[in-house]
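Chains as they are written, first to last, in numbering that gives the first Met the number 0: chain W, 0 to 68; chain B, 0 to 64; chain Z, 0 to 915.
Sample of chain Z residues with no beta-carbon within 12 Å of chain B, all distances over it, derived:
1. D63
2. I104
3. L118
4. Q119
5. K224
6. D289
7. L394
8. N402
9. G423
10. G470
11. V499
12. E538
13. E564
14. K567
15. K685
In silico DSS-like links for lysine-lysine, alpha-carbon gap of 25 Å or less:
16. K48/B <-> K51/W
17. K581/Z <-> K567/Z
18. K10/B <-> K51/W
19. K189/Z <-> K220/Z
20. K158/Z <-> K226/Z
21. K228/Z <-> K35/B
22. K59/W <-> K10/B
23. K340/Z <-> K836/Z
24. K246/Z <-> K155/Z
25. K35/B <-> K792/Z
26. K44/Z <-> K59/Z
27. K158/Z <-> K35/B
28. K54/B <-> K51/W
29. K59/W <-> K48/B
30. K246/Z <-> K159/Z
31. K35/B <-> K189/Z
These are computed hints drawn from the structure, not numbers from a lab.
We treat Cβ as the ideally placed atom computed from N, Cα and C, and that holds for glycine.
What follows is the residue order along each chain.
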Amino acid sequence: MSEQAAFQPRIAAFLCNWCSYGAADLAGVSRLQYPPNIHVIRIPCTGRMSPKFILQAFRKGVDGVWVSG
Amino acid sequence: MFARRRFAVLKNLMEYAGIEPGRLQFSWISSAEAQKFQQTVVSVTEAVKALGPAKHMIKDIRKVA
Amino acid sequence: MEGDFTVKVVSHPRYVDMAKCIACGACSEKCPKKVPSEYNERLDKRKAIYVRYAQAVPLKYGIDKDNCIFFAKGKCKACEKHCPTGAVNYEDQEVRRDIKVGSIIASAGFKPFDPSIYLQYSYSKFANVVTALEFERILAASGPWMGHMVRPSDEKEPKKIAWLQCVGSREVNACDHPYCSAVCCMYAIKEAALAKEHAHDGLDAAIFYMDMRTFGKDFEKYYEKAKGKGVRFVRSRIHTITEVADKSLQIEYVTENGVAMTEEFDMVVLSHGLEIAKETVELAQRLGIDLMPSNFVKSGSFTPVASSRPGVYVCGALAGPKDIPLSVVEASAAACAAAGKLSGARGTLVSEPEIPKALDVKGDAPRVGVFVCSCGINIAGVVDVKAVVEYAKTLPNVAYVENNLFTCSQDTQDKMAQVIKDQGLNRIVVAACTPRTHEPLFQETLQSAGLNKYLFDMANIRNQDSWVHTGEPEQATEKAKDLVRMAVAKASLLQPLNEVQLSVMPAAMVIGGGISGMNAALELARQGFTTHLVERDAELGGNARLLRITAKGEEVAPYLKELTERVKSESNIVLHLSTAIKNVDGFVGNFKTTLAGPGGEEVVEHGAAVIAIGAAERRPTEYLYGEDSRVKTHLELDSGLMSGAIDPKKTNSVVFVQCVGSREPERPYCSKVCCTHSVESALHFKEHNPDCQVTVLYRDMRTFGERELLYKEARSKGVLFVRYGVDHKPRVAKAGDGLTVTVRDHILDRDLLIDADLVVLASAIVSHKDESLAQMFKVPLDEDGWFLEAHQKLRPVDFATDGVFMAGLAHYPKPIEEAVAQAQAAVSRAVTVLSRKEMWLPGTVAFIDQKKCVGCGVCWTVCPYQAIAADDKGLAVVNEALCKGCGTCVASCRSGAPNLRGFTTQDVMAQIEAML
Ligand SMILES: Cc1cc2nc3c(=O)[nH]c(=O)nc-3n(C[C@H](O)[C@H](O)[C@H](O)COP(=O)(O)OP(=O)(O)OC[C@H]3O[C@@H](n4cnc5c(N)ncnc54)[C@H](O)[C@@H]3O)c2cc1C
Ligand code: SF4
Ligand code: SF4
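Looking at chain W on its own, in the form it has when it is part of the complex:
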């Protein structure tokens, strides 16, 4: 296995409760499989997203941040 493939990134996913979080739930109901690297934080609306959260996540050592409305 190459180093690239072995690397499992940690990604903080900020999902809007009404949109993407719902899509994530439906993906579950539909048993759609995807890699386990994302860790979801539910936010009430993408308007809540503050740059502080993103910076904090990177500072804490995540490899990526995904914000989805």
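Keeping the supplied structure of chain W fixed, place chains B and Z with the ligands upon it in accordance with the hints.
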């Protein structure tokens, strides 16, 4: 839309803080689009994987935020 | 009879106990029997035990007995064997019940026209000819090809698709459906535009049509946008399709200037119309309600949701072809009409649960209880639940952990309440399914145990873990631990929140005294609420005062007279004529509105408001209008006909010019009512003077729905319809004593001269663009000045601002029956506020730390709900009644003054911290 405009600004801010643009991803998915959600997780994961572990030390956060 | 019906209801057995089914899908996975899926238009397969589609509510499985192997052969029982909760019950029986009700609402809807059963549509049997509904499923992510656009014969992506309009509509020879189905033009454009987006390397999308009927709000803009994206629109009705060698399809058509063409397409989509199913006709007969010849339920222009039988109401496509927004409006309208006579009984069958007073946990150290759910095998089958439990015990602040087979079951809930009390827990985390469906249930349990319901969080280890990482149990287990850790970190910080309690003033205000406003006021009064009807004119009636007749042929004047009298004699209505709105203070449940009338200023308190300020006919600037008195608008024509000033018998030639000022760059919308208005007026001339030459110059005839029958009748009575293009507008000129109208005939490609002694302009309907009213009620207008609803389809008469609703022309041009339906719908929605003595607003709202606020004003400009304002010190304050908890203010403030309860910066930071 307000949020969309702000995300463009956010991206610039992150670059300034020394984070490669590919590490920060935005998308818009409606609650019915499970398929799109799955596809986006895959592509986001792949994009971040390709960049390798985040090693850049971020500049002084407080100054940026 | 009305007010007292007994309805006999048969519940067919579903062979699955709904109380036990947890929708894990184990049964369906193991079921050996495959059946063509109705949901995906038979393009793929489902099992004999199934749910119709993933979003079904309730999400419970059922056995299709006709296809089940056990019911046919007596053995199999695979589903029973694999069901983790023992929900399968082959002995399930049909249940018959008598239900006593006061009103009945029929909303059985339509069935899409099936072209394959008609000889004339034999081409629909070709593999690559699909119906529009099949095409919807092909494009859908949950469809047979997972959203990949392919054609059925070879599963290759099509490069060229044709849509054929009016299949099974506007057609009497093939199928006896003379009406227009009203929705297919719009959905065809949508499908074509979406298909273009789906295509990987370009798609040629062509729509073959007779008239493009994009008459709804924002539809015309959508149509123009599709043209801009390259969707081709070809005005021609297609009758024959032939299949060629590779199963592609050949279409023959004649262009507008008479050239015969042959074109090949990879795929053809039939824009099939709406019809009423045979079973529905039988249901209508059992209900004893009258149908139109077209089988749609008969209703009146002024009573759009009432059937012919008192107490039985109707809504949606069953009452005529229509789209989702209007169906939703009618649904609320029917609810209003059905409840009106029963308002005395409101709430009598409802029981309120008792909630103990919440314990005070402020200042207590967090004692978190974690409940890890196995969800049968749904979670436990993938995630090592025991390991998660052991791990949770090691987390800071955690005082108690247990594992449940089904945390949501009633007995576990009872037990949970007991555990909370016994263990003195003050924060609860449930690791299970999703808060979107289950949070309210668990919160109720917290409340019953005396805990504030906001001291709760969930870790989504099913929908977002075990179900999506089935093949990676170890990683799924690790992720479950992470999610629990994050939830515990957040829960430890949670604080009890107060829900704001508001008292509700049981009075309403209706602004605008046209047909919409009067209907709204009367309904509100009938349901027992004092209603202030505010009209700026000295007289009630609005535009309807000038209207002659509705599309259903009912005269407007007598109805208006009766309506006005009812309003004036209704004791619950306080009429404010010649009155303007000066100021609006307050919010849902508690508005304080200042009125300025003949008697001076007055402040009125009300709990809800309905905006029904209508619109106006535009004064044309073209076609000699204002220069020659024989050029008139629709409303002038109607008044003239009613007063006798215009006499059809003395008119030799009348020309109607359509789309005057509508569908133009400065007014890019269709005024919706004018095509029908011209047609019914044309018929009036023909009826009183068959020799009168009547000509209608049009761009598209938009006689949608059953109005199409009037168009057909007009043509058969000799009314001449001549189409003109936007770039070849007709010209009106004085010629001696008379007028001459010149129009370019497309087919002959030359000018046509028509002498006229009357020219009628179908002038646009324009909004009042009342920005001041909009601002006072904190509601938005769109670009054209129409009031903007909260959601076009789902909340068509609501505003995003609570307690304010809309009806009638103020929303968009529409005929009387739609205006009345909207008025009733607005009442229905308003009553959901007014019928409560008090209301509770969610505790998850923003608050401002005024010590940090510098009064810069960023938050009150960004707040989408205008919930923040400056206090007398110039510092921000949140109006909790208006705040929807989106958190935009928090993210935008540079001083960190605002925060969002339940999602504070600290809460989110704690989760981020706990993530790694
Ligand atoms: C040119 C034209 C042709 C039409 N043809 C047809 C047709 O053929 N068939 C059909 O079914 N329908 C037709 N309609 C539509 C029909 O008139 C309406 O659907 C119906 O009258 C309902 O109107 P409304 O009450 O919503 O608005 P309106 O009739 O406009 O009434 C609104 C009322 O609100 C008052 N108002 C306005 N602003 C304020 C304010 N700030 N404060 C207080 N009061 C205010 C106005 O004075 C008016 O009395 C036509 C409309 C027009 C304009
Ligand atoms: S004209 Fe009417 S029936 Fe024909 S496609 Fe358009 S909406 Fe459907
Ligand atoms: S005349 Fe009126 S209803 Fe007909 S298409 Fe033009 S704007 Fe629309």
